[in-house]
Structure formats: structure tokens, C-alpha cells
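Those sequence lines, one after another, are chains D and B. My numbering puts the first residue of the first sequence at 3, with every later residue one more than the last. My numbering puts the first residue of the second sequence at 129, with every later residue one more than the last.
A few of these clues could be false.
[What the hints assert, rightly or not] Okay, the calculated beta carbon distance ranges per label pair:
id : chain 1 : residue 1 : chain 2 : residue 2 : range
1  : B       : 188       : D       : 167       : 28 to 38 Å
2  : D       : 164       : B       : 244       : 21 to 31 Å
3  : B       : 257       : D       : 50        : 51 to 61 Å
4  : D       : 143       : B       : 257       : 16 to 26 Å
5  : B       : 268       : D       : 146       : 35 to 45 Å
6  : D       : 93        : B       : 300       : 28 to 38 Å
7  : D       : 103       : B       : 170       : 22 to 32 Å
8  : D       : 102       : B       : 350       : 21 to 31 Å
9  : B       : 300       : D       : 167       : 16 to 26 Å
10 : B       : 260       : D       : 28        : 28 to 38 Å
[Stated by the list, open to error] Non-contacting residues of chain B with respect to chain D, defined by C-beta distances greater than 12 Å in every case (computed):
id : residue
11 : 135
12 : 141
13 : 144
14 : 147
15 : 160
16 : 175
17 : 198
18 : 239
19 : 266
20 : 272
21 : 288
22 : 289
23 : 291
24 : 309
25 : 339
None of these hints come from the bench; they were simulated from the model. Values in this document were obtained by computation on a predicted structure and should not be read as measured data. Each residue gets a CB set at the ideal place from its N, CA and C atoms; glycine is no exception.
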Amino acid sequence: MSVRHAILGLLAHEPRHGYDLHGAFEALVGGRGVWPVNPAQIYTTLSRLEEAGLVVKSMTRRVGGPDQNVFELTEAGREELDRWYESGAPSMHQRDEVFLKITLAVADDRARPERVISRQRATLYRDLHELTTRRSQLDTEAPLAHKLLLDKAIMHIEADLRWLEMTEARLHEMSRQPVPEREKPRRGRPRVTSIDKRPGEEGGDDT
Amino acid sequence: MTIAETRGLTKIYGAGETRVVALDHVDLAIEPGEFVAVMGPSGCGKSTLLNLMGGLDTPTEGSVVLDGRDIAAMSDDELTSVRRKRIGFVFQFFNLIPVLTAAENASLPLVLDGVPPKEALGRAEEMLAKVGLTHRSGSRPDQLSGGQQQRVAVARALITDPALVLADEPTGNLDSRSSEEIAGLLRQVSGEWGRAILMVTHDPRIAAHADRIVFMRDGRIVDDTRIANSDSARDAMERAGLL
Ligand SMILES: Nc1ncnc2c1ncn2[C@@H]1O[C@H](COP(=O)(O)OP(=O)(O)O)[C@@H](O)[C@H]1O
Ligand SMILES: [Mg+2]
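Bound-form chain D, shown alone (with noise of 0.2 Å):
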């Protein structure tokens, strides 16, 4: 996901080696147990970047032993992050998982929609006990950034447990209604025209 940028983001403050971009970035979320990006995606990542031109091997620094590669924002990079700053984040929640699950299983005869909605109201709510363990764990003095990432996560399940009580209130008039077809098949696929296609974010729903 934004782990390309955020590693621009990190450059742009000073350049660093690959081991220290992976440290800064789970510094940045608050730990390993919030966000955890394993190294090698890291790695991964910055090879990619090099590749299209965003960062480069600025030096080889001896730190009284190996050296290490330093990667540094080129002036493309500093173009791509910037346009990063400028444009919106797209928000996702219209592509539920949930919503697949109940919707198919008030159709299914041998699903049971009720069930999957307390499945699924029990996993929030055991998330919602992580989350909030861990937020109360965080004192004055931790990093308002990290209380902010904890306080959206706990936002959006809130909002995901009062969408389910919604939903599980308007079951049985689901159930009377057919499950939503396309009245008549067309022909061939719809274009994609999607232009700088990021990875998560294609338009097509095919996938």
C-alpha cells in the first residue's frame, strides 16, 4: 500500500540505509505489533524506487565497519512525493468483505446471515479490545501520532459495528428482496480506463 511513499516521505527528511528506513518506519506507525512491514519489503521497495528513477545510491558510508548503501530522494522522487501530498487518499470501504458475505448469504439457502453477522460483530469486538488495550496503554508522554492511528482504527470499527447492527436490523427485509442481477447480460467487458494505476487501487472490478 503507501509504504512506496512513506518510504519518500522518510528520505526527504534525511537520507538513510535500508535497515534504518525500516526502523523509522515502524517508529513512525508505533511498533511492529501496530503495523508491521518486514524488511525485505522494504528492500523490495527501494529497488523499485531506484528503478523508476525516484531514489538513488547516493554513497557509501563506513560507520567503523561495512559499508552501507545510502539512499537518497532524487528530484523526481521529491516530484512524486509531492504529488502524493497533493492528491487524496481513496477510501475503500465500499469494497466490504462483509457486505459480500451477508449479501450472498441471505440468498443461500444453507448460510445463515444472522450468524455471520454475530461472526463477524464477535471479531470486531476482539479487535476493539486490542485496540483499545493498546490505546490505554499509551501514556502522555507516547507520541501523539500513534494515538491518532490507534484512535482511527477505533473509529472505523465503531462505525463498522453500528453498519452491522443496522444491517442486522433490516435482515428479514433484505430476505425478501432478490439478490441484486444485472437485468441483461451485455456484451464484452466494461473498459478499464484507468490511468497511474497504483497497486490496491485498479479501477476494474473483475479482479
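Could you slot chain B with the ligands onto chain D? The hints should help.
For chain B with the ligands alone, kept in the frame of chain D given last:
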């Protein structure tokens, strides 16, 4: 081993036209030190459940077993004593006595139980310190914030060293910050001090502090879920759509 248990617990109010089945054969067992949240729409029987478990009301059918004993089989004196010593109550509107200080309020159950007032006050001061209110023990309720008043109520509930604390919407009258603090305190009461807690709440964020959530509807338990010891926070973040 369970500390409190209900068996086929049923409560029917009124008769004929006005007949309401407030509780409908509820079976619930609570372990020592367990923190259980009760959730469900208004009128589904949550308060009735707590009142019956606390011996404040009598069931139409079924039983409540505390410390292995059916409370219906207890004499009035025994029940009064159990209610005072083995169960602590926390309410939405604190229910403190306005003319008494925080320490006097917290000491009340001991005084009613015959402990000399001076000794009772000393133990109340200790309990207030435990709930984070050392410096306010001489304040009257109207000199305290809502969150502080609820802390006094928690101290009062804990003063007799009860096995079970019953809390009916303890954060229902508090702002979100004080609510979080009270929920955190209750978590400590169960997790560190080993008291079982049964807490009614509407707020998912408060319920999330519990180890287990019981969902009720129309006087029945429709779902009973352990929420503590889940998978990692990473999975939680992922599902919240942040990864
Ligand atoms: N003393 C009472 N007399 C008659 N009906 C009552 C009494 N107490 C509660 N009820 C009814 O019993 C049902 C459950 O009430 P309650 O346990 O207070 O629900 P909750 O706490 O979940 O909102 C409701 O329909 C309520 O109107
Ligand atoms: Mg109630």
C-alpha cells in the same frame, strides 16, 4: 468454578394486558475475576438481570447462585449480609449521599456492617487512594466531577471486598474521557484485583474493555462472546481498513 450463576432466570412483570417477560430463562455463569459486559437494546432486560443477581429483586422462576449458594434459600438477614459484603453496586447516577464526604460515602457499607466509623474511614481513605482519589477524600459529591464521583462509587462498591461488582451503565452519565477512565479502572478491578464484574453498557468502546460480552434481546441471551486474548493488533488494523 463460577462465582455467580443464573439458572433459568425468569422475571415477569404485571399480568394480563400489562404482562411483560423482562427475563426469559437466562443461564449465565461468571468466573472469578472475569469482566463481563452486557449489551442490548433498551428494555431487553439488562437492568432486571443485574437487579436479580444482586438480590434487589426476586425472580418469577429460576435461581441465582452466589458463591455456590442459591440466594432464594437464604434468610432475609443472610441475603442482606451477602448483598452488603459479597456484591458491590455501581449505578449510572453514582447514588452518593450529598451531605457526606467522599471518604464517608465510601465507608458507608462498612459502617452499616458495624465496623467502627474511625476504622471504616481509614479503610475508605485507602480504597480512595487505590481508585486514584487520595487528595479528594474530604470533598463532598457536589465538589467533584462526574468521573470523580463515579470513582467514589467504585471505591464504595469495593470497600467490603466483594466477589462480584454489578455496574448498570456506570459511564452512562459521563463524558467520553471520564468514561474511558472508569472503564480502565473497572478493568483494573477485575484484572489486577480479581473481582468479577458484570457491567451494562450501550457504548461499544466501553464494552471493548471487558473480557467477554453478553448480548441480550427480548429478555434472552442471544450471543455470548469472549473478546480478550484476540489475535494481534495488526489483524485488527487490517480489518479496520488501515492496512
Ligand atoms: N418494575 C417494573 N414493572 C413493570 N415492568 C418493568 C419493571 N422493570 C422493568 N420492566 C420492564 O421489563 C423490561 C426490561 O426492563 P429493563 O431490565 O429495565 O431493561 P434494560 O435495562 O435492558 O433497558 C422492559 O420492558 C421494562 O419496561
Ligand atoms: Mg437498564
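Hints and how they fare:
no. : hint                         : in the structure
1   : 188/B with 167/D: 28 to 38 Å : holds, 30 Å
2   : 164/D with 244/B: 21 to 31 Å : violated, 52 Å
3   : 257/B with 50/D: 51 to 61 Å  : holds, 58 Å
4   : 143/D with 257/B: 16 to 26 Å : holds, 23 Å
5   : 268/B with 146/D: 35 to 45 Å : holds, 36 Å
6   : 93/D with 300/B: 28 to 38 Å  : holds, 32 Å
7   : 103/D with 170/B: 22 to 32 Å : holds, 29 Å
8   : 102/D with 350/B: 21 to 31 Å : holds, 24 Å
9   : 300/B with 167/D: 16 to 26 Å : holds, 18 Å
10  : 260/B with 28/D: 28 to 38 Å  : holds, 33 Å
11  : 135                          : holds, 24 Å
12  : 141                          : holds, 25 Å
13  : 144                          : holds, 29 Å
14  : 147                          : holds, 25 Å
15  : 160                          : holds, 20 Å
16  : 175                          : holds, 20 Å
17  : 198                          : holds, 32 Å
18  : 239                          : holds, 34 Å
19  : 266                          : holds, 27 Å
20  : 272                          : holds, 22 Å
21  : 288                          : holds, 28 Å
22  : 289                          : holds, 25 Å
23  : 291                          : holds, 24 Å
24  : 309                          : violated, 9 Å
25  : 339                          : violated, 8 Å
Against the hints set out earlier in the document, violations occur for numbers 2, 24, 25.
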